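There are 2 protein chains.
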Amino acid sequence: MADVDVAVVGAGLAGLMAARALSASGASVRVLEARDRVGGRVLNGTTSDGTVVELGGQWIGPGQDRIEALAAELGLETFPTYNEGDNVVSYAGRLRRYRGAIPKLPPHVLAGVGAAQLLLDRMAPKVPLEAPWEAAKARDWDGQTLETWIRRHVWPEGARHMLRLGVSSVFAAEAADLSLLHFLFYSHSGGLLDSLFNVAGGAQERRFVGGSQRLALAMADALGSCVVLGSPVLSITQGRDELKVVSRRESLSARAAVVTVPPALSQRIEFDPPLPADRAQLVQRMPMGSVIKVMAVYDSPFWRHEGLTGQSTSDTGPVRITFDNSPPGPGPGVMLGFVEGQDARALAGAPEQEVGRQALGCFARCFGPRAASPAEVIVQDWSKEHWSGGCYGAFLAPGVLTSFGPALRRPCGRIHWAGTEAATRWCGYMDGALRSGEEVARRVAQALS
Amino acid sequence: MADVDVAVVGAGLAGLMAARALSASGASVRVLEARDRVGGRVLNGTTSDGTVVELGGQWIGPGQDRIEALAAELGLETFPTYNEGDNVVSYAGRLRRYRGAIPKLPPHVLAGVGAAQLLLDRMAPKVPLEAPWEAAKARDWDGQTLETWIRRHVWPEGARHMLRLGVSSVFAAEAADLSLLHFLFYSHSGGLLDSLFNVAGGAQERRFVGGSQRLALAMADALGSCVVLGSPVLSITQGRDELKVVSRRESLSARAAVVTVPPALSQRIEFDPPLPADRAQLVQRMPMGSVIKVMAVYDSPFWRHEGLTGQSTSDTGPVRITFDNSPPGPGPGVMLGFVEGQDARALAGAPEQEVGRQALGCFARCFGPRAASPAEVIVQDWSKEHWSGGCYGAFLAPGVLTSFGPALRRPCGRIHWAGTEAATRWCGYMDGALRSGEEVARRVAQALS
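So the sequence lines, in the order shown, correspond to chains A and B.
Residue 1 is where the first sequence starts when you use the numbering used here, and the numbers rise one by one after that.
Residue 1 is where the second sequence starts when you use the numbering used here, and the numbers rise one by one after that.
Keep in mind that the hints were calculated from the coordinates and are not lab data.
Here the structure is a predicted model, which is why all the values come from computation and not from measurement.
Be careful, since some hints might not be right.
Since the list gives no way to pick out one identical chain from another, each pair is judged satisfied if it fits inside one copy or across any two copies.
[As the list claims (entries may be wrong)] With a straight-line cut-off of 35 Å between C-alpha atoms, the simulated DSBU-like cross-links for lysine-lysine are:
#1 Lys126 <-> Lys104
#2 Lys384 <-> Lys244
#3 Lys137 <-> Lys126
Can you make the complete structure from the sequences, with help from the hints?
Next comes the structure, spelled out in structure tokens:
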């Protein structure tokens with residue numbers, strides 16, 4: 001008899017949710033996690049005065065029902081991302097304030113962005129979420145990069161620039177890296193572009209009191225001792241009736257396994273027999289994005305007193321997007337800057353201090369000299385995280401979805417796949433990770449019954 | 001004191017050449033190979049009557065001086081790929097014979113192919129082999145797929161089709177998968193398109209008597225007991241003065257390591273400390289091509305008696321390209337068919353027998369009913385080879401070279417990188433593997449002195 005019904009690999013949101021749902025259905029589970037913590041790409045940090053700041057995934061927004069329901073179940077509260085006052089845009093050397101989601105840019109630039117968004121939002125719903133490769137134009141869209149589409153359909157250059165900035169803020173990758181088909185799928189999966197880009201009414205609308213990692217911590221708490229930390233899975237061997245899962249700390253037999261680690265990292269696990277060729281080649285083709293989160297901590301969110309939201313957009317890197325990431329209630333001010341895609345790659349080899357210095361320069365450009373002198377700077381480069389391989393998620397280059405898409409969720413014998421990359425709705429988001437975990441639990445429970 | 005000066009990971013052509021050159025320079029080496037054989041992607045098979053057939057890389061051609069010199073050193077002989085008589089093209093349901101490198105196609109199709117080749121051959125030399133990302137148009141060319149370029153510059157559709165076929169025969173990947181910049185680099189690296197495509201005067205000109213793996217076997221022989229088989233490297237730990245290399249069979253300390261495995265597969269090795277972010281993310285972005293070699297063995301090469309070379313090109317898969325792969329001298333006839341790119345992916349899950357059956361159908365279409373009844377069929381699907389991950393080599397999707405290119409050959413401390421993917425000349429070929437091995441040996445010897 002097997003030690004457990006299901007071995008879950010990875011204690012991120014998908015793995016914990018899968019374990020939670022399987023436990024609830026009466027299955028015995030064991031969760032094997034490589035790191036000495038749960039949460040995966042969702043992680044709380046603390047400033048020196050004990051304020052919690054989110055170092056990984058952090059926001060939720062309308063349409064993310066699964067995460068909302070889980071938060072309610074776990075008794076976690078959310079609060080709105082600070083969004084009162086004016087935003088700031090730094091463009092072509094000029095700094096301007098504006099209100100709402102549309103930056104103050106030259107009208108022909110705004111018109112160009114609007115027209116492109118309209119076109120893309122008409123194409124995205126034509127990509128079936130369960131099978132993007134079945135879109136009528138799948139071959140055409142998967143044969144080109146999003147950059148190619150932008151160059152062909154977007155004018156003037158300023159509009160292209162803004163669009164690329166939006167893309168890199170969503171994918172932590174460049175328009176040149178992405179299959180147009182994958183981009184459209186992803187946009188459809190997350191409720192189209194306004195939903196992906198916006199704070200009010202969009203995917204950046206709210207945050208978790210106490211930080212988003214509390215979701216993972218609370219799920220792990222409820223699961224208790226079946227979550228094993230510091231124990232990367234080394235191999236999974238499939239026998240006729242069960243699996244043997246070997247991790248650094250323990251070996252166990254299981255009737256099924258759910259692997260939730262980022263697809264690229266699943267290559268570190270030795271599968272015996274080896275996985276089918278399409279799965280093996282798919283995971284060679286799912287690279288992770290490149291992002292550095294920089295947070296500067298101040299005595300107070302001084303920009304608020306000047307009528308600013310803390311949100312800024314800039315055409316100059318390395319930080320091109322900022323948010324007010326202060327804790328709820330009175331207390332310190334936290335300015336959050338994103339270094340994404342090419343900017344993150346260019347700084348991947350730089351010392352943290354240098355990344356912080358450059359980020360402060362960007363903060364000061366948008367919010368004045370006070371921004372240059374924080375009490376503390378926190379730098380989190382996800383490309384350096386050995387057990388994530390990058391953030392926010394995996395993206396697909398041209399040709400991958402149409403050639404290898406069906407291998408993404410198809411189980412290999414007793415091995416099932418989950419994780420936000422396997423989600424059909426909110427792919428790439430915390431909500432997608434939870435949906436994927438719940439969905440795989442349903443399928444595994446069925447397979448075992 | 002370290003056990004050896006240099007630990008070489010992988011006993012393919014690059015690893016063996018690196019070990020050979022380092023040994024010659026007086027360094028002590030140990031070669032750790034995962035498989036129970038040497039040669040990597042170069043492998044001899046035998047038919048049931050003992051005839052040697054090449055299951056992996058097999059041809060050499062003009063300009064491949066390094067492999068030619070090594071063959072001479074090792075006393076290996078080459079012979080011309082059989083190329084006497086007419087070739088066959090199956091196009092739009094018609095079968096035609098022709099002589100030479102240019103198939104008998106409608107003139108406007110031939111003109112379209114010729115014009116495209118001229119354009120591409122003018123662009124390729126503008127890509128610097130040592131630093132493709134420094135090409136004047138690097139961003140533009142790396143922002144699009146080769147497929148995008150074909151759609152924009154090639155007419156009529158038939159010419160696009162022939163070009164895509166040529167591309168997939170070189171990369172075992174589709175034009176939609178490839179960065180235009182990477183394609184141009186690769187073409188430049190191998191002496192432009194005629195060189196890559198052709199038999200006479202091209203990279204398919206000659207074969208090795210006794211099969212190409214003899215190169216690897218002879219080098220391994222000369223190295224003797226320092227080549228350890230069946231011993232995949234599990235981890236490499238860098239200390240201040242030396243490395244600790246742990247493989248399945250043995251652990252050793254070394255002053256330097258040369259890792260020659262396909263970049264994607266290097267993710268299976270645990271590096272401590274982890275590799276820099278740019279290297280870690282690069283190897284997530286170097287997928288391997290998809291190819292199945294099918295060989296049918298007949299009593300004699302019956303097509304020769306009909307004045308045919310055995311070479312065919314077809315617009316219908318799964319086999320779209322064939323060659324006469326008979327051993328030199330009198331003896332059985334071997335027909336070699338390639339299933340490449342999308343065709344190989346579509347058949348990745350099929351049983352060998354089914355792949356063979358479909359290939360024989362293609363052989364019969366081009367060479368008549370006799371081709372349908374061979375004495376034996378040999379199927380080699382490289383996507384299923386756990387220690388290759390695919391063949392012929394890695395390719396780069398858009399955005400990778402310009403973002404991560406410099407990480408390809410830059411050493412990480414005492415760890416150096418080699419393999420045909422790291423070659424600047426004949427990248428992707430056996431010759432490139434040898435050049436890369438020799439070059440890394442030079443650099444390591446320098447670093448150790």
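So which of those numbered hints doesn't the model satisfy?
-> none
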